[in-house]
Structures are given as C-alpha cells and as structure tokens.
Amino acid sequence: EDQVTQSPEALRLQEGESSSLNCSYTVSGLRGLFWYRQDPGKGPEFLFTLYSAGEEKEKERLKATLTKKESFLHITAPKPEDSATYLCAVQSGSSNTGKLIFGQGTTLQVKP
Amino acid sequence: DTEVTQTPKHLVMGMTNKKSLKCEQHMGHRAMYWYKQKAKKPPELMFVYSYEKLSINESVPSRFSPECPNSSLLNLHLHALQPEDSALYLCASSQKIGLAGPYEQYFGPGTRLTVT
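Going line by line, the protein sequences match chains X and U.
Note that my numbering numbers the first sequence so that position 73 is 78, with each residue one more than the last.
Note that my numbering numbers the second sequence so that position 81 is 83, with each residue one more than the last.
Please keep in mind that the hints were generated in silico from the structure rather than gathered at the bench.
Every value quoted in this text rests on a predicted model; they were computed, and no experiment measured them.
One or more hints might be untrue.
[To be verified] Here are the simulated DSSO-like cross-link-like pairs (lysine-lysine), alpha carbons at most 30 Å apart as the crow flies:
| # | chain 1 | residue 1 | chain 2 | residue 2 |
| --- | --- | --- | --- | --- |
| 1 | U | K38 | U | K21 |
| 2 | U | K20 | X | K73 |
| 3 | X | K104 | X | K47 |
| 4 | U | K38 | X | K47 |
| 5 | X | K104 | U | K42 |
| 6 | U | K24 | U | K98 |
| 7 | X | K104 | U | K20 |
| 8 | U | K38 | X | K104 |
| 9 | U | K42 | X | K47 |
| 10 | U | K98 | U | K55 |
| 11 | X | K47 | U | K43 |
| 12 | X | K68 | U | K55 |
| 13 | U | K21 | U | K55 |
| 14 | X | K62 | X | K47 |
| 15 | U | K11 | U | K38 |
| 16 | X | K116 | X | K73 |
[Unchecked claim] According to the in silico footprint, chain U covers these stretches of chain X (three or more CB under 8 Å from chain U):
| # | segment |
| --- | --- |
| 17 | 17–28 |
| 18 | 77–86 |
Cβ atoms here follow ideal geometry from the backbone N, Cα and C, with glycine treated the same way.
Chain U extracted, bound-state conformation (with noise of 0.2 Å):
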C-alpha cells in the first residue's frame, strides 16, 4: 500500500480565518513533505520532516505552520493567507531521507486552497 491522505479535498478561507491541512500515511515512512503547486508549474517543496523534526523550512512565511505530532501524521496550520497563496497543496512521505538513498516520495491527492 503506497496510499497518502489528505483532507480536506476542497478548502475556502477568507484572509483572517485559521485553518489546518492534514495528511496521514501508514506505509511506516519516516520522511514527510509538504509542497505547494500552482497550476501549469511543478510541486514547490516547502518543508521537509525526517524523524517527526523539521529538517528543511525552504523560506516559507510564518503565515504557514507545519507541525508533526507522530510519525504518521502531517499538519500544516494557516493563518492571515494572502489570495496569491491559493493554490494545490501536496504532501508526501518517503521512507525516509539521508546519503543511502534515493528514495521515491508518494504524494497525496492534495488540497485545493481558496483564499478570498
């Protein structure tokens, strides 16, 4: 089973709501990703967890907050979100990260976020 979930599937905020994304795999992986994707462009990673501690932040606002409580589980919590970040947010697990790899990453179907 290669299987990543996320809900919600569809999520509409205004620019002062809060809000958390989850994502939830059961493949025993020890890396997860979060990515943002507009349309027409590729995934843009944004943070990388390894072992339930952040490992990368690739310089994303603090509008935007990760948060892994176990090691099957991925929030992204948001707040104060501008319009230009909607958009279709991924994530994904590998089995983990480090120099023996490379290991393929599985993504979730993803969340597609409306900011009015």
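Next up, chain X with everything else stripped away, as it sits in the complex (with noise of 0.2 Å):
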C-alpha cells in the first residue's frame, strides 16, 4: 500500500536556526513527489516537485532533496514568515488519476 510519513510532527526553531524535515515514502514506483505550504486557513501553496533520485531544488531559504525512500525540506536560516504547515504528497508510477498521497505534515514554527 502507498503510504507517505513525515516527521517531525511539529518543530519550534529560533530565527536564523536551520534544521530539515522528513518526509519518507513507499509507493509502488514514484512519478513525482511534490512539497507544498499551507498557511492556517488557507489553500496549500505549490513548492517543488521531484522526480528522481538525487535530484535537488531550491527556492530562497528552501532546498527539497530526493533519494529512493525519502525526501527532505532544508530551511536554512529561517524567517518567522516561514511559519506554516509543510505537507509532502506522492504520485504512484501506476496511478494515471492524478490522485496525491499526502503525508500528516509538519507544523513549523519561527520564533523571532
């Protein structure tokens, strides 16, 4: 069965603290494994999407990495605006429906 496990659950980080988030997978072949942000309240916001093992992306503070089994989310230096819920989805190699497996998320949390 397809199933996606991120970790921590929550994370508390001091401003300018970095740390990463986990966020590992088994599925039966990937075709694409997607990081999204999602603010309280609203819609999940678009981040990276990975498709092979080894590759890597960036945007501003965030770096997305991607091996067989997992996927990690590097903050570097963190804001107290990159206060939000980090969620990681996969997309079967069988799967031709478009349908996601998502993960429970991290809450992360910037103290200034």
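With the hints as a guide, dock the two chains, each given alone in a separate frame, to form the complex.
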C-alpha cells in the first residue's frame, strides 16, 4: 500500500536556526514527489516537484532533496514568515488518475 | 499565473439547505479536483475531473454533487449536509492527468463550510 510519513509532526526553531523536515514514502514506482506550504485557513501553495533520486531544487531559504526512500526539505536561516505547515505528497507510478497521497504534514514555528 | 479562485470564502448552511461552491481557473488546465480538509489533517481527495468528465469519485456521499460546466469551471453542489461535513473545501487544477506526468496541482484558497 502506498504510504507517506512526515516527521517531525511539529518543529519549533529560533530565527536563523537551520533544520530539515523529513518525508519518507513507500510507493509502487514514484512518478513524482511534491512539497506544499499551507498557512492556517488557506489552500496549499505549491513549492517543488521532484522526479528522481538525487534531484535537488531550491527556492529562497528552502531546498528539497530526494532519495529512493525519502525527501528532505532543508530550511536555511529561517524567518518567522516561514512558519506554516509543510505537506509532502507523492504520485504513484501506476496511477494515471492524478491522485496524490499526502503525509500528515509538519507544522513549523519560527520564533523571532 | 497559477491562480485558482474559489467562492464563497465562507459558507454557513443548515442541514436542509442547498448551496453550491464554485471554482475557476484560467491556466488552460484540463484536470480539476475537489478536496475536503479537516483541521490538522491533510487534504482528502473527493472528485477528479479530466477534460470535463468525472474521472474519480472517492466514494463520496451523494449529498455532494460535482459539476464541470466547462474546462475553466468546477462546481460542488451541496444538499442535506450533516454537521460532520463542516470543513475547508479546496479546489485544485493541474495541466492534465495521465502517465506522462507528474503534473503539479495548484490549489485555491478554499471555502470554509459550516453546517449547523
């Protein structure tokens, strides 16, 4: 069964304190792995798509990496405005339906 | 432009009411989705439309009725809802669906629905 697990559930950082969020996945052939950011009461905002092991993508203070079993979202020198829930989702290689399998999310709080 | 719009932002309805949620995108995307999200949970897929045809219904109760009038619009008709249906309803779109993907999904801001 396809599954996505994110850790930790919650993360508190001081401003400037770098850290990483983890997304472990079990899927029958990975078509793509997606990272989203979601602010309270709003829709998820697309951040990155990763396709194959070894791939890396960056956007401002965020860097996403992918291995055959997991993805990391590295946050370098975070600011309070980076506080949000970060969602990881995968699309199975056997799926032609567009269905995403989401993890439970990591809620990040960055204190000034 | 990667904008998906949803109306209304908030909706309060009684269990005997009929209401509709609307979603619009002008990115030329041919796949559109409805999700339901409860507090502190990830989005849960309800329906997928591909080229204006219903592709997936994730065993959603019939009190939720989707409609795709054209490639830019997606509606969700609500009737005789229960209090447990209160949630954030999200619309999303992607370029298409299929084995040539993956195609990232872009989400709207959501409609906060409260059923009293």
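Status of each hint after checking the structure:
Taking the CA atoms of K38(U) and K21(U), the gap is about 16 Å. The hint holds against a cut of 30 Å. For the suggested pair K20(U) and K73(X), the alpha carbons sit about 47 Å apart, so the restraint of at most 30 Å is broken. Distance restraint check for K104(X) and K47(X): the Cα-Cα separation of roughly 21 Å lies within the 30 Å cut-off, and the hinted pair is therefore satisfied. Between K38(U) and K47(X) the alpha-carbon distance is near 12 Å, which keeps this suggested pair within the 30 Å criterion.
Restraint check for K104(X) and K42(U): satisfied, since their Cα atoms lie roughly 20 Å apart, inside the 30 Å limit. Of the supplied pair hints, the one linking K24(U) and K98(U) holds, its CA atoms being roughly 20 Å apart against a limit of 30 Å. The straight-line distance between the Cα atoms of K104(X) and K20(U) is roughly 28 Å, inside the 30 Å bound, and the hint therefore holds. The straight-line distance between the Cα atoms of K38(U) and K104(X) is roughly 14 Å, inside the 30 Å bound, and the hint therefore holds.
The hinted pair formed by K42(U) and K47(X) meets the criterion: a straight-line CA distance of about 12 Å does not exceed 30 Å. Distance check on the hinted pair: K98(U) and K55(U) sit about 12 Å apart at the alpha-carbon level, within 30 Å; holds. Distance check on the hinted pair: K47(X) and K43(U) sit about 13 Å apart at the alpha-carbon level, within 30 Å; holds. Between K68(X) and K55(U), the direct Cα distance comes to roughly 37 Å. Violation of the 30 Å bound is thereby established for this hinted pair.
For the hint linking K21(U) to K55(U), the alpha-carbon distance of about 22 Å falls within 30 Å, and the restraint holds. Note on K62(X) and K47(X): the hinted pairing holds, with a Cα-Cα distance of about 24 Å set against a maximum of 30 Å. The straight-line distance between the Cα atoms of K11(U) and K38(U) is roughly 14 Å, inside the 30 Å bound, and the hint therefore holds. Restraint check: the Cα-Cα separation between K116(X) and K73(X) comes to about 33 Å, which exceeds 30 Å; the hinted pair is violated.
Beta-carbon proximity to chain U at under 8 Å applies to 0 residues in the segment 17–28 of chain X; the threshold of 3 is not reached and the given coverage is violated. Coverage of the segment 77–86 of chain X by chain U is violated [criterion: at least 3 residues with CB-CB distance below 8 Å; count 0].
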